[in-house]
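These protein sequences, in sequence, are chains V and U.
FYI, in the numbering used here the residues of the first sequence are 1 to 271.
FYI, in the numbering used here the residues of the second sequence are 1001 to 1266.
If you are wondering where the hints come from, they were derived from the structure by calculation, not from laboratory data.
Any given hint might turn out to be false.
Unchecked claim - When the alpha-carbon atoms are kept at most 25 angstroms apart in a straight line, the in silico DMTMM-like pairs for lysine to aspartate or glutamate are as follows:
hint, chain 1, residue 1, chain 2, residue 2
1, U, Lys-1041, V, Glu-266
2, U, Lys-1208, U, Asp-1257
3, V, Lys-261, U, Glu-1220
4, U, Lys-1074, U, Asp-1195
5, V, Lys-261, U, Glu-1151
6, U, Lys-1029, U, Asp-1156
7, V, Lys-262, U, Asp-1124
8, V, Lys-109, V, Asp-211
9, U, Lys-1029, U, Asp-1257
10, V, Lys-109, U, Asp-1124
11, U, Lys-1067, V, Asp-89
12, V, Lys-109, U, Glu-1151
13, U, Lys-1110, U, Asp-1024
Just so it is clear, the structure is predicted and the values come from calculations on it, not from any experiment.
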Amino acid sequence: MFSTLATILKDNWEWRKQIGRLAVFELMKKSRGAVLSWAWFLIKPGMYIFCFWFALDVGLRVGSPDAAGSGPYILWLCAGIIPWFFMQDMLGAGIDVMHRYPYLVNKIKFPLSGISTIFTTATMIVQLMLMVVLFIIYFACGIPFDIYLLQVPLLLILMFVFWDIVSILFSQLSAISKDVANLMQALSTPLFWLSGVIFNVKAVSIPWIQDLLFFNPITFFVTAFRDAFYGKVWFWENPMMCIGFAVVFVITLIAAVFVYKKFNEEVADVL
Amino acid sequence: MSSNESATASLADAKSLHKTSVSDEVVIKFDDVTKTYNLYKNDRGRFLGIFNYNRKGSFLGSVDASKNLSFEIKKGEAVAFLGHNGAGKSTALKMVTGVTHPTSGMVEVKGRVSALLELTAGFDMQLTGRENIALRGQIMGLTRAQIKELEPAIIDFAELGLYIDQPMRTYSSGMKARLGFAFAVAIDPEILVVDEALSVGDRAFQRKCIDRIREIMMDENVTVLFVTHASSVAQEFCSRGIVLDKGTKVFDGPIDDATAYYEANY
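Full structure from sequences and hints, please.
This is the structure:
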């Protein structure tokens, strides 16, 4: 177990230069052939935010669910939905990276865990761009820079590590069976609606349901980012949320190491 | 291993015009290597097979692509792998390149491997030829400066002209293969794996490829593995031949004996 974990870490460290450059190539590929190229990374999320804001605040009038919060609903929405964009990409393409880079699997010698890191890095670069925009929006709305924002880099690192592990776990499995990719894509919708992206989990009145929702890692990240930007709370002030995430993190890590150990030599044969 | 001794002995004489010298350093070592592929009726069967749940009818059986394969290749040798379709030549070479792992046994490889396995594979079709050169170079661990240095030689060798800055999906299959070949021979490999790659392009280009491979082979530090059905090509390039059949090694010796054995038996 530990030797496999050490191998994963060692591979990722030794190949870090290649991983970084391949991540940039991934983004170049995405923006290739479009006149607006890099702008599309921002336009798509912008559309998404507009639609949710319009449907929920203007249409359904459920705005500003945070009693403690200050500022309009759209600010509350942005702080949670921007991390979701990262997680959405990871749940979509990120859990099936082997089929995305078949040539790295069975044509060139490359550590398989590194392929997950390439995609996670590429997605994280986009996320960082969106984070910059989020900061600009918040400052433009007059919300000051304070100590709570120091959580943001920490959460970004945590988000990177966790979803990289998720990607390592599921991309191995989905290389072997298409069912896994389909299952995860089917789960993506319930995971979204049962997380706190568009409603406030802390406002759920039945305590055990609230506790249960915190076992969804998406809820953890969305709520923690929102606490940092909007609610001005430290994320560890909510112990149930941290326990729920810690449990999921450890289980995912163990499963990923176990799966990697069992399958990483077989993946190239079946892809 | 009498065949091994005769292999080294013959290097001294007739074949010395191909290979200048062979050092004693072993760069590739196969020790009792077996590679088994489990075959299932469909992906679902394979998935269940992971959990050792082999339902009747879904598990079709297993095939040993390589079986108890043992050999050593020294630095600077040029070895031909002979055998008909399905003899396990490509599987053995894939294990040398490190993309496939043996089911049991040990494979040891020292040095940078450049493979001409499937020339058109391993390129990203959305990127341009020039970007693909950079991409592959980076995967191989070359620095930016080294890539810049190699680039003109690769572009020149591949004869792509203006197409080098076009996305690779617009290339013809010949253009892709030429670029693949040009890259593989340009990076000064320590171990070069050639799998039926010489049928690239027109006659003039083929001649250029053969000249380039010969040039690489003359370098005493480069080890070359060569897979082919054609005895004449093997004889031209290699000093030693290994004949494979159904995954096992049936003959290992000087190239002329190996091709004679191969011609007589298969």
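Structure-based check of all given hints:
no.: 1; hint: U:Lys-1041 <-> V:Glu-266; in the structure: holds (17 angstroms)
no.: 2; hint: U:Lys-1208 <-> U:Asp-1257; in the structure: violated (28 angstroms)
no.: 3; hint: V:Lys-261 <-> U:Glu-1220; in the structure: violated (39 angstroms)
no.: 4; hint: U:Lys-1074 <-> U:Asp-1195; in the structure: holds (19 angstroms)
no.: 5; hint: V:Lys-261 <-> U:Glu-1151; in the structure: violated (38 angstroms)
no.: 6; hint: U:Lys-1029 <-> U:Asp-1156; in the structure: violated (36 angstroms)
no.: 7; hint: V:Lys-262 <-> U:Asp-1124; in the structure: violated (29 angstroms)
no.: 8; hint: V:Lys-109 <-> V:Asp-211; in the structure: violated (44 angstroms)
no.: 9; hint: U:Lys-1029 <-> U:Asp-1257; in the structure: holds (22 angstroms)
no.: 10; hint: V:Lys-109 <-> U:Asp-1124; in the structure: holds (16 angstroms)
no.: 11; hint: U:Lys-1067 <-> V:Asp-89; in the structure: violated (43 angstroms)
no.: 12; hint: V:Lys-109 <-> U:Glu-1151; in the structure: holds (22 angstroms)
no.: 13; hint: U:Lys-1110 <-> U:Asp-1024; in the structure: holds (13 angstroms)
In summary, the numbered hints that this structure violates are 2, 3, 5, 6, 7, 8 and 11.
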